[in-house]
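Let chain A serve as the given structure and place chain B on it in line with the hints.
Residue numbers (our numbering), protein chains in the order written: chain A, 1 to 148; chain B, 1 to 157.
Here are the simulated lysine-lysine pairs, DSS-like style, with alpha carbons at most 30 Å apart:
(1) A/Lys133 / A/Lys5
(2) B/Lys5 / A/Lys133
(3) B/Lys119 / A/Lys133
(4) B/Lys5 / A/Lys5
(5) A/Lys5 / B/Lys119
For the record, the hints were derived by calculation from the structure and aren't laboratory data. Everything numeric in this text was worked out from a predicted model, so none of it was measured.
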Amino acid sequence: MTIRKIVVGADGSPGSIRAVRWAAARAVEADAEVIIITGLDINTQLARDLPPTGLGNWRAELQRQLHNDWVQPLIDAGVTYRTAIVEAAPAVALMQIADNEDADLIVIGAQGHGGLAGRLLGSVPYRVTHLAKQPVTVVPADWQRYDE
Amino acid sequence: MIPMKILIALDESETSVHAARVAAALFTPWGAEFVVINVTRLPKPWVDGAGYGVVAVLPPDPAWFQPDHDDEVNLMERAEEAGVADPDAMVEAGDPVEAICSAANRHGVDLIVVGSHEKSALRRLFDPSVAAGIVRGSSVPVLVVPERHQNGGINET
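The following block holds chain A by itself, in its conformation from the complex (with noise of 0.2 Å):
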């Protein structure tokens, strides 16, 4: 068993970043690709608060972010890796991906407390770490370690 592709999940959140620096470490020690995917459904319009512009307008200013910035510890530690913008709730695009792409590995960032909604309706961490049927590795949002 090894490492060979690694989904990562970004959204511009700092759980997200350092999910996907970790990846990045992850993949330099396996010579493994990552994907790293987006996904849009409403919830990421209303969390990332987009302006009011239509879907079209959501999907190009998320593409711009996940290209310039999202992308960059990837870039800066010279694994091989591809983007995704999956139209599909963030756990779903994640679970969906990682099962086409065979992937070996799926890497995410927390988020804050859910609280007892979090706790029934599942938040995203915790519906792929239960879900998937890859290993998942939940990064904290101020993680900070040798590999960064």
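Leaving out everything else, chain B in the frame of chain A:
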């Protein structure tokens, strides 16, 4: 790159042994150092009201718990079964989430490894997921190996 120090939560369940196996396979090649921990939930003692049912439930006291030499031997056997090379072993008692997160801080680990089971929303209320608790409470990254991974998805090379 400095090798990772990895804390593996290992109980009697096949899910946790599988999670340990995945961690060993993924990170042993990079010289990772392993610590395995088993946390026993303390029984909640109750006071019987002589025919009136249970009248009080007392909070358990971790001081009652005496780690057994056998517990440590069993833990080491499970670690070996999972292919975890030469780990430090820890047997503790109390709340699993608290014990595992605090052990991670004490030992300065870079990663916690735990297995997870999917449960219904109702069951989650009364029997919350230890994996989810660790993900929320941990200050270090957590590798969760879901139950579904056991039935496929492992790439042998």
